[in-house]
Structures are given as structure tokens and as C-alpha cells.
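In our numbering, the protein residues as written are 14 to 550.
The set of hints was computed from the structure by calculation and includes no laboratory data. Treat the hints with care, since some could be wrong.
Claimed, not checked - Label-pair restraints from in silico Cβ distances:
{"no.": "1", "residue 1": "Ser204", "residue 2": "Leu146", "range": "19 to 25 Å"}
{"no.": "2", "residue 1": "Asp168", "residue 2": "Glu320", "range": "48 to 54 Å"}
{"no.": "3", "residue 1": "Ser292", "residue 2": "His321", "range": "17 to 23 Å"}
Each residue gets a CB set at the ideal place from its N, CA and C atoms; glycine is no exception.
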Amino acid sequence: MKCPKCGNELKEGMLFCEHCGEEIRIVQDFEPEMDMDMEAFSTENFSGETFSAEDYAAGTADSGEERISTEDSGAEPFLKKKGRSMKMRFLSLSIHRKIVTIIILLLLVFGTAGAAVAGIRHFSADYQYNKSLEYINKKEYVKACTYARRAVELDPYNVDYLVRLAGCSYAAGDEEGTISLCYTIIEMDNSNEAAYKRLISIYEKQKDYDYINELLLSCGNEQIVSQYPAYVAKPPEFSLKGGVYNETLSLKMLANTKGTIYYTMDGSEPDEKSLVYSSPVFLESGKYDIRAVFINAYGVESEEAQEHFYVDVTVPEAPVVTPEEGEYTRPALITVETQEDYTVYYTTDGTLPTADSIQYTGPFSMPVGVNTFRFICYSEAGAAGEETRVKYSLNLHASLSIEAARNKLLFELVNAGIIQNMGGSVKTGTGHNVYGYKYAVTVDDVDYYLYREYYEDDAGNRAGTGTDYVVSIMDGQCYKAVQAVKETSASGVQASRADASKALPDSEGSEGQGTDPGPWGTLKLQDINSGTNNPEE
14 MKCPKCGNEL KEGMLFCEHC GEEIRIVQDF EPEMDMDMEA FSTENFSGET
64 FSAEDYAAGT ADSGEERIST EDSGAEPFLK KKGRSMKMRF LSLSIHRKIV
114 TIIILLLLVF GTAGAAVAGI RHFSADYQYN KSLEYINKKE YVKACTYARR
164 AVELDPYNVD YLVRLAGCSY AAGDEEGTIS LCYTIIEMDN SNEAAYKRLI
214 SIYEKQKDYD YINELLLSCG NEQIVSQYPA YVAKPPEFSL KGGVYNETLS
264 LKMLANTKGT IYYTMDGSEP DEKSLVYSSP VFLESGKYDI RAVFINAYGV
314 ESEEAQEHFY VDVTVPEAPV VTPEEGEYTR PALITVETQE DYTVYYTTDG
364 TLPTADSIQY TGPFSMPVGV NTFRFICYSE AGAAGEETRV KYSLNLHASL
414 SIEAARNKLL FELVNAGIIQ NMGGSVKTGT GHNVYGYKYA VTVDDVDYYL
464 YREYYEDDAG NRAGTGTDYV VSIMDGQCYK AVQAVKETSA SGVQASRADA
514 SKALPDSEGS EGQGTDPGPW GTLKLQDINS GTNNPEE
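Full structure from sequences and hints, please.
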């Protein structure tokens, strides 16, 4: 059978042409006599009354008042029955055909609408993006990847879509794909925190700390970099720029995080066998080619930092110290000689002196016992010279110890009314006096212990009163010690007088360290009762 419209050969039973879609109407073949009977067997009688198919089926369609007589038709009753049956079959077939047609049309309508909706969704990036989120919430990451990937295909320059796909890929276990996506995102948006976070998470798991360092060093967003300081290995920073200097330099090297700085001073390449930076490097006269690298806690090495320095300063000679080192039985003054414009620093604890050590300002008394001194000269440019080291042992062979002599002094001060008791209480104020041993001195060929008077308040704050006392190391005689002041008279002739109000200068050193200047030739002794001091003045 062929299509009446396009002539295409039809398959048996087809109701539509596959080629043009034309509906195929199938007409039942009837015998001539049955055809005639059906024409006479109209659904409308002569009176205009209409009968339904149900009426025919029930046999009530022939009950009208005016009907065609079987005698007039000349047909046999059998033919009437047969015609009626065929008519009913035809009507039933027609109704069935219409129902099938309606169903097919509905299917076509809904199918077309469904296909249209599916097509719209397939080409909607937002739909695919939202659908991926739906599957992410269900933790079905493979399906989520499918939708996220389709969204990226539709809009490949949308960073949000790429971030979603990277997240899905990471959750699905595709680390290589995630890495590739994250770098694509960073190329489009160098400040995308999500991409950096995802990459660092993967590299942390893989322990690829070098990749993390490179990634962060290439990041232009300091806010992101500051979140991962431990992974970054930046070159060390020098506190000074290279160049020519006429003074000694103190070069500091700074690292951006925890780790170790290795450096060389001769221009050789630094490595983990090189010098370890722990404190400022002092550059004295000479040429220096400083190269340094930093290695962080994860073993990542930074790029190299390098500076050239040329320092041209005069290095001081070692200071001359008198007396010579050795053992002594009587007090002696320690004196240091050096060139002008040089400053001498020294230590008493055996450490190497620096510009932060005790500064020598004049002769001072040798302390009792065994002591080692180290002296170094510094030029105005800050260049340090060679050191001088001396060791002294002072044993006075005294009848009184330092503590016994102190108690003797306290006893005499109580008797003189200067203090109220052996605890040093005074008449005015709530504090008390303290008498600290300073050093041993020789006055008029007699050896003494010298004690300095301090006033200490209830809070423990201590201040010198400007008064010194000496106690004989042999018989315990106590005196007030004052410094003679040189004056120039109107005639220009110098004269010396004992000024009871002028005591030896106070010292910043500890008790017994012998750090005060002590020109004994001008030291005068007074009777302890010659006057009292107000500790609050």
C-alpha cells in the first residue's frame, strides 16, 4: 500500500506515513448487497429521529412510528440482521480509530513538549550548574561532575562554573583533573582563593611542598599568601645594602618564617654546610661578598640573596692594661691605656666584649678574689681591635672579712645616731639604709674596705645617698671617705681641700666588682661623727 500524498510505500498496519506524516484512512470493503442495506440503514429515520450506536446495539432503533417496511425493501429478514451487524462493526471500528488517533496526537504533543523542555535544559548552563549542586548535596559526585562539565562546555569562561567543576572533580577523587582546572581558574582570576586552597590541599596530601612554594610566590594577592606563611621560602633580606663603608657594619639577615639561613662571606655558593646565621654578622675592614639562602621547616630552599660590601676602617690596636696579671696581696688600681678617640669595653665574666659591655671610663680598684678581665678597643667607625685578657688574684690577708667589717660599720653608725639599728632604719622616712661593699683601697699606706651608702624604700627601690665609708681590714677602724676637690684660686694657683659633701662617684656595677674610678691620691678620710647625712636628700 502506498501513501496517497507522497506515494511512499507503507508498512502493513501503519496509520501514518513515515515519510510525510499523512494520516492513512483504511476503509473496510463490503459486499454490494450489504452496502445497499447499510445505505438504507441510516442512523436517522424518516421522521428525523436520531439513533445512537447504543440504540442499534440494543435493537431499539426500529421502534419508531414510521419505519421502512421490510416488505417494501424486498430484502429478507436475514439480510436486515446481517446489515445491522455490519453497521455496528463499522461504527465500532470508526470510534476505535478516532480514539487511537487522539492518543497518538496527545503523545506527539507531550513528546514534542518534553523534547523541547529537555532541549532547553540541555543548552542551559545555569540549569546544568544548579543540577550539579543538587547531586553534590546528595554526595553523588560523578553525576555532579557530568552536569558541572556540561555547564563549563556551554560557558567555558565562567569562573564559578570552573570552580564548581574543580570541586566536583576533587570530591570524585580526580586530583590531576582538579589541578588542571585550578590552574585554568588562576590564569583567569589570579586572586581566586578557592583555587589556591584546593591546589594547596592536594599538594599537602602529596607532600609536594616545592609546588606550594612556587604557587604562593607567583600569587599576587598578599592576603592569600599570608594564610600560608610556613610554606613560603623567600630569599633572606639584608638589613644593609651593599656598597663602600668607612665604618664597621653589623649586618642582619631576616627570614619570612621559621627556618634556617645559611650564608657565605667569600662569594661561594651557600648550602646546608655553610655558616648558620644566628646573630648579626660584624663586617670590619675588608671586602665581603655575602651570599645567603633560606630553607624553611618543610625543606624548601629559597632563591639566593647576595650583596657586596667593602669596609675601609682603621682597626685599633689591643689596649695596654696595668698592672700585669698575677697574684696580689694589697689593693691595686687597674688602668687601661689606648689611642685617642677609641673607646674601651670590658667584661668580667669571661665573655668577649662588645659595644654593649661595660665601658672603661678611668682607673678602678682590683676586686678581691680571682677575676678575669677582657678588654677591647672600638674606633669611632665601630671597628673592633684585638683584645687584651688579664687575670688577677687579690688576697688581702685581712683580719676582718668583708661581712665582718660591714657589721662593724653598722655598729659604729648606730652609735653615731646615723641609723637607728643594725637593720639600717633611719629617723625620717619608712625605708632604711643599705651599705654595699665596693672594693678595697689604700689610703696613707693603710688598706680599707670601701662601702657605699644607699637608701632603699619599702618597694625595694634603691638610690645612692652620696656617702662612702671605709673600714680597716686589720683593726676595723671606720671613717667617712670623701674625694678631695681641686680648685683654681684667683691667682691661678691650684689648691686641694677636703670637701665633706663630695663623695666618690656612684657605680652602675655590682657589689664587689671594682668598677668605680678610684684616684686614691685625692681620697680623704674623716671621723665618722663629723656629720650625718639625710638619706632622703
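Evaluation of the provided hints:
1. Roughly 24 Å separates the CB atoms of Ser204 and Leu146, a value that falls within the hinted 19 to 25 Å.
2. The supplied range of 48 to 54 Å is met by Asp168 and Glu320, whose beta-carbon atoms lie about 51 Å from each other.
3. The hinted range of 17 to 23 Å is satisfied by Ser292 and His321, whose Cβ atoms lie roughly 22 Å apart.
This entry satisfies every hint, going by the numbered hints stated previously.
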